Amino acid sequence: MSDERRQRPPAEALYAEELAALAEQDGDGARPEGWRLTPQSVMRFVIGDPKAGVQPKFVGTRAFVERCVVALATNRGLMLIGEPGTAKSYLSELLAAAISGDSTLTIQGSAATTDDAIKYSWNYALLLAEGPSARSLVPAPLHRGMTGGQIVRFEEITRCPIEVQDSLLSVLSDRVLIVPELEDDGRTVFARKGFNVIGTANLRDRGTNEMSAALKRRFNFETVMPIADVRDEMALVGRETDRLLADANVPLRLDEDLTEVLVTTFQELRSGQTAAGKAVEPLTTAMSTAEAVSVAFAAASQAHWFGSDAVNAEHVLQHVVGTASKGEPEDLKRLRHYLENATRGRRGSAWKDLHAAHRRLGD
Amino acid sequence: MAHGAERVQWFGVRHHSPAAARLVAALIADRRPDAVLIEGPYDFDDRLDELALDHVLPIAIYSSVVLPDGRRAAYHPFCVYSPEWQALVRGREVGARVRFIDLPWSAIAGEAESAHRYGDRELRGAPGLNALLERLGVDTFDDAWDRLVEVDPDLDLATYRARVEALGGELRPDDPELVSDEDHRREAFMAARVAETLREVDGEVVVVCGAFHTPALRALVEAGAPDVEAPVPRDGQTIALTPYDYASLDGLSGYDAGMPNPGFYDEVWRARAGVADGREGAPADRALGTVVADLRKAGVTISPADLIATRTTAGGLAALRGHAEVWRRDLVDGVTGALVKDEIALGVSHPVLDAVHRALRGSARGRLAEAAPRPPFVVDLNARLEAAGLLQEARPRTVDLPLREPDALERSRVLHAVRILDLPGYRRRDVHAAEASIVERWEVRREITFEGQAIEAAAYGTTLADAVSARLVERAAALEADAAAAAELLGAAVRAGVSEVAGTLAVRVHELVAADGDVGRAGEALGILLALYRYDRVLGAAGRADVGALLASAYDRTLWLLDPGGQATVEEDAGAAAVAAVLEAWERAPEAVGAGRERLEEVLGRLGDAEATPAGVRGAALGALWVLDAATGDELLAAMERTAGPAVLGDFLHGLFRLARDVVDRRPELLRALDRLVAGYADTAFLEAAPGLRRAFSVFTPREKDELARAILGRAEAAKPMALREVDVEAVERMMEIEAALAEAVERYGVRGAA
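Chain order of the listed sequences is V and X.
Converting from the first sequence to our numbering requires adding 3 to each position, the first position being numbered 1.
Converting from the second sequence to our numbering requires adding 16 to each position, the first position being numbered 1.
Isolated chain X (complex conformation) (with noise of 0.2 Å):
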């Protein structure tokens, strides 16, 4: 045996365990080592300090780096009843050295398959997991956690001790290849921190870590463990406490396994430590009160008769399972048994039940201390929102922006830069124009997650340019072949004032804009880049030349695209819009986009004539050579009869009248003639075009409508109220019918109206 190694007091655990939180205290206070190791993140060693500040648990240690595919972060919660946690607070009490032992996730997040460090994947995922479960007669591994170790409240810990070894031994395969290559290496880490500490003092050092890895790391560390050296730091790696919840640890609601039930484990520590509440009686029925109180409250009747039934049907559970006293799947299930009257399907929710795994979950939330050092983004960001008078107060209020302002231009940017973070608490409610300004109103409300969603976004800088151009740079490179989303991304960082990154984005958009064979993005695009040029004068930033040389090449690419005999299928509206986008571009911006009206006229043309031009894309080419001057009333009327059939017919009219909406006054013989086709119709073909006709005129106000109706009708017809049709009562009535059924199929899929 590898010296010293007879001087380890191992201590396996399942991470958020009360009993084994009990437990590790015990054995701390009992032995006070001189030595205390815990499975934590080894970066964040010489930081322990700032765990013994006045936090306010759950809490989280947030680790985050870049790898070539995209940046990963993951979690180590501690709550109260964490054995880690406890591990660390009697440590410290008994003046023992705490450290932390476990790789830097820099280090294992690229084969990690898990970011909930705390998850208990190893034994979750044991494959000698399943003849286990049979054995002890339970179906998950959380039961038979729960049997073995947390339902006796006087396990002492020579049969902890005992039953974990076994369950570590057992559910650790015997072959080392079955062992993944992270948990390798991490024992070989910890291994040799180990083996160091115990070279460094004399006394007793307790290690405190995951039971699956506890076997191995013995066997290591008796065998005399080599040396491991600490792994070098990545470059963007990062790692700060934040503060975490309940909702975030529970098993059951997060995509990541962990321990289910967390408020419940959080009653069973109150009860067992004697933690003074004023709340009486087993964990098991605080529990239940809350559930009923919360049932209640939701208007569901619980009577004294159901609640007998629940509890009777729970205790007998806990008897027939052997637990003695009822455990948290005794109470779900006596629930289930006595109160769920109806059918449960598999993966959908059931009122009461939800009810019951939110009291299990608890609603703890954690706050870092005041004096817990924030990472220099954090500090940067409060100082920017509290120069800006925009920090979160209590009371949710609205900010107007006047963005002539540079006062307000500068608040406004940073609450854009807070929107690409997606930081909680600011909204932007509207745009509008006022007084030869753009105001924007920013509803500023109180979110309670803000702090712990600004340490993570720490990760990408230390100050909020820097993070904003970072998380810029990070969803430009993850676009494929999207132009419209990249030039929406320019768009955010003009409007965030971060123009260092503009440059990149800009080549973004290019490459993107160049790439994108998709009619409707490139129009988009366009669209969005237009709008940066034309309104520069109000942001500031982009009125530089970049922004039109892009304009320039996203107008070639949407005329490109829109030319027929291309690959690109031009789809009905996206083409219409582009048509639209195209247009407005050669309207608004001559100077930008450079090319010649002549190509416009002829690539419209072509699009107006080409067979498979679809109607809608037709009628707005036909539209926006209208507008250009450039197509007679007559060629409207000739192309308007060419697109008579009832099917394509509103689609046409839709694309004609988005473009050229004028035309109708101008040219009344159109109108007129669109009345004697439609009076021509057999009836279902007037009901087959009656939508799209619907939709094209809904391009128009209700005045304009007006005026229309007035122009066909003549004014003196249009002025009676219209007859109202003879109805047989009957077909009213079958109507009606058929509507009711309709909304009740509409409520009971939950499409419209469910709460």
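Chain V on its own, in the form it takes in the complex (with noise of 0.2 Å):
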């Protein structure tokens, strides 16, 4: 299946030509052993070099991506912990494959990930047929990671029970992983150089007090922040919507004043406070800069697809009420009581629709 037809391709398909331009521009510079850019290249493939042709992709202080790509180079693992929609998952996919070229060594972590969908598993035929073998051996991202010298993604690692999220200990510390079916030379899987881990924790729903002592200590922690300015958030919005919007064949996109409109409603609901300083009720969902894309976006396609030429403010009003509502019952009255007060005798012609929109809408 080409490219093309995928739903989402991963961050190394997507942007393939800018990994083998910044592979080439580095030549033989000194790197990590295993990685297949220099340190510098990685930091403008997420960060972003427009005169050099990079698109900017993640949105965030450089020293912060800059800690999180040494930490990456040591003998530690990265975890990055923030509130939902943070960009963790995008973040850690955009370092996998800067340096590994592969972004698809991923262990999605819950309730029901087991040792099994870590490791390795077995093709059981085989193994009843020849006995543990190197070739009835299933190997899980974990084994692939380890032998192939890349980095491994683990995605929402505090959802999975303590005692899962401890078999990483050895792996970390010894960089070694026991097969002890397996004889011989099969028994120990050493760590080819270029092989780490990447975790990712959410701090909403279980946070990272579900964490070994132990395992925290193999991990350098770096904190995923939302996006504080309004024009960068407003940018990274309006570039991904436009993605989604292509990618789907809809025509229209969102203004920029609507976008503005759209990015200070998230950010102000997020923080607790109005751009001149007023204090407004927070919401206990996550304002997230994704949510906001994934708002902007279903206000696009619902104008489309719904008949009308262009998307206004009840269109995306209508959504943002969709994401208030995924949270505790009081967001919904916390939305209307914001977008009552603090959004009344705003300038702008965006603003006042809002406002009217609410209007129109009701309760």
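No lab work stands behind these hints, which were simulated from the structure alone.
A few of these clues could be false.
Heads up, simulated BS3-like pairs for lysine-lysine below, C-alpha to C-alpha not over 30 Å straight-line [claimed, not checked]:
(1) V:196 x X:357
(2) V:219 x V:196
(3) V:329 x V:281
(4) V:281 x V:336
(5) X:313 x X:357
(6) V:336 x V:355
(7) X:357 x V:219
(8) V:219 x X:313
(9) V:329 x V:355
Some, not all, of what chain V presents toward chain X, calculated at C-beta under 7 Å [to be verified]:
(10) 42
(11) 66
(12) 69
(13) 70
(14) 73
(15) 74
(16) 76
(17) 84
(18) 219
(19) 223
(20) 224
(21) 226
Just so you know, these numbers come straight off a predicted model, no measurement behind them.
Glycine included, every Cβ here is placed at the ideal spot set by N, Cα and C.
Two chains, two separate frames, one set of hints: put the complex together.
The structure is reproduced here in structure tokens:
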């Protein structure tokens, strides 16, 4: 199946040209063993370098991304923590794509995740026929990452039971995986240079408290912050929404004013403070950048498929309400109060439209 | 090119840059110029000798000036690695003429944005900064400067100059309109001083000034800078040396942006200037040692593995960023990555990061040389404190002052004066009456910031009394419609014994009392004035008629505001307090308040009857009338029954008992009526009324409450212990759970018990 037909190609496919160009520029430049790119190029790939034709991707301070890149070059893993929707997974995907050229060695953490899905399992037909052997072993992402010297991503690691999480301990400290069923050489899998783990954990659901101190010690922790600057977030929301809309063959776009209204609304409801410094009650649901993108995308899709020729404030508002209803029931009240009071009398037609749309929607 | 301009050695700096300090020292030693001109306040130019005394750095030049809208003060701080400081020291060593050439603070205070004169405000706020940061691949100006100048230990003068000139050229807007007026004026002044010096000396002239200004300054001098006269000193302009410290220097702790992490740069300076302090290793290693020691002392476990991870991460970051050695940002980031194991929230401090910033801040604290001249105020202050035996000593002590004794009164006045000026180290612990006198107990302890703050207070006057007067007048002028605060200032003046200013303050109190529309504050002012009036014999100063007149006007005003029908809204507690103040003034100082008893009774009567009066104020008004014998017990009873709602009963009683606590003794039927009333409440109504009732009875002492209980329950009943109610175990468990959750929430949000 070609890339064009995939719903969502991985970063290494989507940005294959950029990666190839960066690799070429790097030439024989010094880099940690097993890395496809130099750390400098990894930085450029993640943050973007418009002059060199590298798209901006992740928005955050440079020092933060530098810390992440360096953590992966040390003998500790990288643990990205933060509120939902702050692009933790996206950042881990970008890092894996840039460093290993493959972001698909991914373990999805959940209550049902078992050792099999992390390390390895067996092809039972072969196991019965031949006994345990390299042939009958089915490697899971960790095994593959270790043998291939690649970055392994462990998403939502804190959703796994703590015993399962701790199976990473020996892998991270000794960089070795024991396969007791196999004999001799096959017994121990030593990690090749280039192997490391990026974990992500969500602060909302279970937090990082449910992680053993022993495991914590083997990671460098980095908090991914929501984007602080409205301009940056607007640019990102605009870019991502446009990409999604183009992908879905929707010819509509959110105009800049409406994007600003959307992003400002999200920022204010996230931080509990208006741009003018007035306090508003923040929503408990995560008002993330990712959520803003999906609201914008949904609003434009709705406008297109249901016969409007432009996206208006009402479309946007309907989906903002949808976002708010994911949280506590109180969130809807808070949103109503915000629209009622905080957005009244703001300048610009987009704000007026939003306020009017809110009045029309009523309760 | 103007005559002599080629003799200038331009040296642009970022203030507090160790690299600039090292290179400017070398430049001066090498060129042995005839003159060294430094960006520093011109009005200190004739006192540069004071800087050469045996000070412990950091110190600062403190300038202050009084403008129409208030006082403005500014600092020029110097530490050992300030290029300005090194230029001063080396310039002297080679026998050059050393001068300060920047405008005095008094000439720019009106428009200046920053009171930290070496804060590099111009560079940090430059419009071109973002583009530069992006190109260099760094996040902040400090990182950019570090990368260009500080990190490389072997940076030579030519490279330094090339980079700093490029930086200044890039960050300075091409359009002169975008440069502030303040900067234009300063540059014209500095250029004129350079031109002047070039006319006076034949040899080379080194000019040390901010990198932002150098390009403009050079252009001005080369074009032949026109002369600019030194500005005329303003009234109330002062300038003096004062001790400084790294905590104030740190851009991360201060309100006014400056250089971050002074302690780190101090280490850099020591390490690179070869200061023998018995410490080894690169600056970052020394700093990390301090951080770890600090954290371990605070009980944070840091294993050798953690340390290795921190150093590896910091080293990796330095390599990625192209730093020749681990720098402060690498260290902070290394610790952030490797040691911080939980969420970092914007704007919230984290103990580990706090420790890092403390270590990088450094703890250096300056001290002025013994021989350094102090401002006249400081001399006077010290003389007064010494004469009163109140100088700060290493061991904290308490001082008891019976104010009836003239000697003790004088000492108390000095202490109150010091307190008005907010000087640290003196605290009044309590005041009590003893043996026909009032005794104040003070605590005196050594405070390290005392001298610096005393020097800064010197801007207010040349003697202690002058400074106190000026400070009080300044505070009084800043008050708006707050009669109580004005009365408090008058009280402070009387206690400090500065009688000259009392008249001015009295006028201000008078104005504010007349203008204040708030009953609570007017009542408060009345209370303060009454205390002044009554205790004048002890304090000596205020027994004059003017306090009596003020008291009368405050009394009138409060009564007027209490009278229903006016615009003022009477609030619950403040109103009751005002009623109490009025009554007390009438009882204790009848000769001063003068107004007739009828008027007081009328106002209180109307207040007690008016529908709009809050319950507590109504209770207070009735209580006052009772005290005045103008209300009968039956009237009180009737009023209580009118205010029998569970929401207001407690408030009413609180007001009543506050003014007339003896009423329960003298009219027991009131208590019995109350008992019947409360017994008649439904459960929900009782729950609603309970908190208010509890508060109302808190007016009484435990003994009085016991008496009340006996009166209600009968003596025999009250003697029995109260029977415990049957309580269901599960209910208790639930209650305990709720309490525990509450305590946890309180703890979590740091409302109480947070370390």
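Hints and how they fare:
1. V:196 x X:357: Holds. Residue 196 (chain V) to residue 357 (chain X) sits at ~26 Å (cutoff 30 Å).
2. V:219 x V:196: Holds. Residue 219 (chain V) to residue 196 (chain V) sits at ~22 Å (cutoff 30 Å).
3. V:329 x V:281: Roughly 25 Å separates the two Cα atoms, so the pair holds.
4. V:281 x V:336: Since the Cα atoms of residue 281 (chain V) and residue 336 (chain V) sit roughly 18 Å apart, the hinted pair holds (cutoff 30 Å).
5. X:313 x X:357: 19 Å, holds
6. V:336 x V:355: Holds - the C-alpha atoms of residue 355 (chain V) and residue 336 (chain V) are around 20 Å apart, at most 30 Å.
7. X:357 x V:219: 7 Å, holds
8. V:219 x X:313: 22 Å, holds
9. V:329 x V:355: It holds: about 26 Å lies between the C-alpha atoms, which stays within 30 Å.
10. 42: 5 Å, holds
11. 66: 5 Å, holds
12. 69: 6 Å, holds
13. 70: 5 Å, holds
14. 73: 4 Å, holds
15. 74: Holds. Min distance 5 Å.
16. 76: Where the cut-off is 7 Å and the nearest Cβ of chain X is about 5 Å from residue 76 (chain V), the hint holds.
17. 84: This hint holds: residue 84 (chain V) lies near chain X, its Cβ roughly 6 Å from the closest one there, short of 7 Å.
18. 219: 5 Å, holds
19. 223: 4 Å, holds
20. 224: 5 Å, holds
21. 226: 4 Å, holds
Of the numbered hints stated above, none is contradicted by the structure.
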